[in-house]
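Peer 1: Add chain Y to chain G, keeping to what the hints say.
Protein chains: 2
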Amino acid sequence: MPYFDTASAAPLHPVARQALQASLDEGWADPARLYREGRRARLLLDAAREAAAEAVGCRADELVFTPSGTHAVHTGVAGVLAGRRRVGGRLVVSAVEHSSVLQAAQAHEARGGTVALVPVAASGAVAAADYGAALLPGTALACLQSANHEVGTVQPVADVADLCAAAGVPLLVDAAQSLGWGPVEGAWSVLTASAHKWGGPPGVGLLAVRKGVRFSPQGPADERESGRSPGFGNLPAVVAAAASLRAVRADADAEAARLRVLVDRIRRRVVRLVPDVEVVGDADRRLPHLVTFSCLYVDGETLLHELDRAGFSVSSGSSCTSSTLTPSHVLRAMGVLSEGNVRVSLPRGTTAEEVNAFLEVLPGAVAGVRERLGVAEVPAAAPVAESVELDALGLRCPQPVIELARAIGTVPVGGTVTVLSDDEVAGLDVPAWCGMRGHAYLGAAERPVGVAYTVRRLH
Amino acid sequence: MPYFDTASAAPLHPVARQALQASLDEGWADPARLYREGRRARLLLDAAREAAAEAVGCRADELVFTPSGTHAVHTGVAGVLAGRRRVGGRLVVSAVEHSSVLQAAQAHEARGGTVALVPVAASGAVAAADYGAALLPGTALACLQSANHEVGTVQPVADVADLCAAAGVPLLVDAAQSLGWGPVEGAWSVLTASAHKWGGPPGVGLLAVRKGVRFSPQGPADERESGRSPGFGNLPAVVAAAASLRAVRADADAEAARLRVLVDRIRRRVVRLVPDVEVVGDADRRLPHLVTFSCLYVDGETLLHELDRAGFSVSSGSSCTSSTLTPSHVLRAMGVLSEGNVRVSLPRGTTAEEVNAFLEVLPGAVAGVRERLGVAEVPAAAPVAESVELDALGLRCPQPVIELARAIGTVPVGGTVTVLSDDEVAGLDVPAWCGMRGHAYLGAAERPVGVAYTVRRLH
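Protein chains in written order, with the working numbering: chain G, 1 to 459; chain Y, 1 to 459.
In case anyone wonders, no lab produced these hints; they're calculated from the structure.
As the structure is a prediction and not an experimental result, all values here were calculated from the model.
Accuracy of the hints is not assured; some may be wrong.
Unchecked claim - Coverage of chain G stretches by chain Y, computed from C-beta distances (three or more under 8 Å per stretch; other residues unrestricted): (1) 1–9; (2) 34–47; (3) 188–202; (4) 213–223; (5) 433–440.
Said to hold, decoys possible - Which chain Y residues stay away from chain G? Per the calculated CB distances, all over 10 Å, these: (6) Pro11; (7) Val15; (8) Leu24; (9) Leu34; (10) Asp46; (11) Cys58; (12) Val87; (13) Pro230; (14) Leu273; (15) Arg348; (16) Glu354; (17) Asn356; (18) Thr410.
We treat Cβ as the ideally placed atom computed from N, Cα and C, and that holds for glycine.
Same shape as in the complex, but just chain G:
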């Protein structure tokens, strides 16, 4: 039963399991105590820190362990912002950061700080020049992920780090998705990561802060972990995290090359096997194991359910799969189709057979969903009017786009269809539909209720 959502959480690596079990016996005591159980725990902790620091590419005394990647991000962002308060209150982040970074940014805004979002191209990548232009005076901190968690696009971290260094702004790199594949290149100042993304256990994040970065931990004081991560540490998990990071790094290049072939196959085949599909994310500068595509006229939640029934676990950035009924902020920032979105992230060891099986199941799953939604080939009807307006109020994704696809044949080439919708996803998916189907998107206009999206038929 293939699990293809390693970008959410990876199954435990065998080395992590082994290290965890061994350190349950050796590493339960308080490493701050001087008796033998404490000294033994201290030795384990020191060794884990050395190993993790080596993998990160920093000094051991620059690295602390936190309870999660989210804690590392929250602590890192708040610590630098407070440490550089005198410089100013401006925080620069890319528009496609992980929610933990964006939530830390929102908390900063709520405390009176300012946040600048650097936009991304349709590939999901920031342009280094755009990022550099955002580094205005008063910028206390800049944040950029090493690679995007939803579409796999690798960010130009080294270039942005150089611009940050030139501007005297520390750069925090969220390396959660990439650290298992290799160290982050470039002159970063702060780095965060999460062990359960590389096959380590849950309960461990990494926070590295380069010497010389002004850092002022927030919240109640605590002696542990250089005052940067309060609470009794989770030593068995820390040991397992460090051991598994070392293990996955040992064959990272070979495994990346292998998975890249499988992901390439998905990228190539999915557009041939499934009509009206868009593969999103950068085609070249990307994570080796992750591919994301979106299917027109498909309800993401139903598609995930169908794939789950067929034995495949994947995730989605479609609005219908989110608790807030909004599409992924990443897809939105990229301006790409969000309906019928599927993210496939292959765990290490995924076989070609598993990927082939997925590609066999996928077309039928998509077709089944479309059939249930009543999407058929639009009959070549004679146009009925120069312009048509559809009332799609109350309809949820993907219905407004399905209605649009049905209506486009009712106007002549050059005619317009206007879709009135109160589903905010339509603002993303109607333009994306136009791009995919070769029609012209003329824009959106607010109405008393909903928004009117107008499309010109081009062929």
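Peer 2: Chain Y only, in chain G's frame:
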């Protein structure tokens, strides 16, 4: 090799180990995902929450899991203080709370809040009436531990909870030391605990907030755990924590009765076997497994080292064993001797043989330390002066008290010895010495350098 510091961290309970290993296979996925691995994780999480809530005595939707007891305390204190900001900024805590509570209180003060410390008796217990008197208008929150972590004294939580309810103030109970022995009685509002104190794994704290308590989580938003504990959860550890809590509760009464006999033996025997020793903490209302005593004329760190060499792992609240070279704030608040302090906290399953072996080793270890410090029976010398002043500047605990003991024979009955010391511990240990040796402590006076402590010889 007996480990007698379970109040710091308990070795992993076999049930915790078993549950942890089982849930490494079943519980690594994101419980928020809808595919089968996510649903399986969600079932485990829900079951763990039900089990833990039942042990705590709350509803499952009142309980969240945090990465540690410290996180639970920090989140609980900050959340109630923010939720009740309109009521006022006063926080009431006992003087002997765990450092996580006191650090949260310091952070509150640093943000402009006020903190009232409720004093304790020499037993370490607060008087409910004192606590009630501190609940002035404008009190947003009151905190009281269920039992003290250093001396084992059980606090009058139910009485204080009634007073808090009458005053309309929510009571946060830090139940870290007692939850494995039984639920906290009384009408508490918020409860915190830590799994590794009862034999659960590290990496899990509990935070229960009764419905109706105004609670506003601080820090960046996060959907997980009702918005009260950010970051990807540590599900295998959570499952192990809940399973082991249920397991230790099953035989808690029997095991408590058994350990109480062993602790009683230590309490009785230690004062007979070791000269000049003071057992501290309430003799009756106390945790079943914990006993603390202090030895005059002994350096705590050296004593711990000697006991460790003999195979016994214990901890100490002496100043010389702390990184800040200050004595435990608990011993200080109790006004009891802090030098040569030893805390013995027995893990479940401790045998009478292990306790007997400790009692065999202890007198020699103490005598050895005293010998090395040059403490011998004071020769009965003729008094040399009515009053003597000792310059003990620069000497560290236990030396000032040793000098005092040597000098008391050099004045006649009714004469005085004044010790000039710049070791702040002397303020605690000189009066304690007087109480133990039957002399009169006349008080302290600031000098340009150091403090002068004066003692009248009574016999």
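Peer 1: What are the numbers of the hints the structure violates, in ascending order?
Peer 2: Failing hints, ascending: 5, 6, 8, 9, 13.
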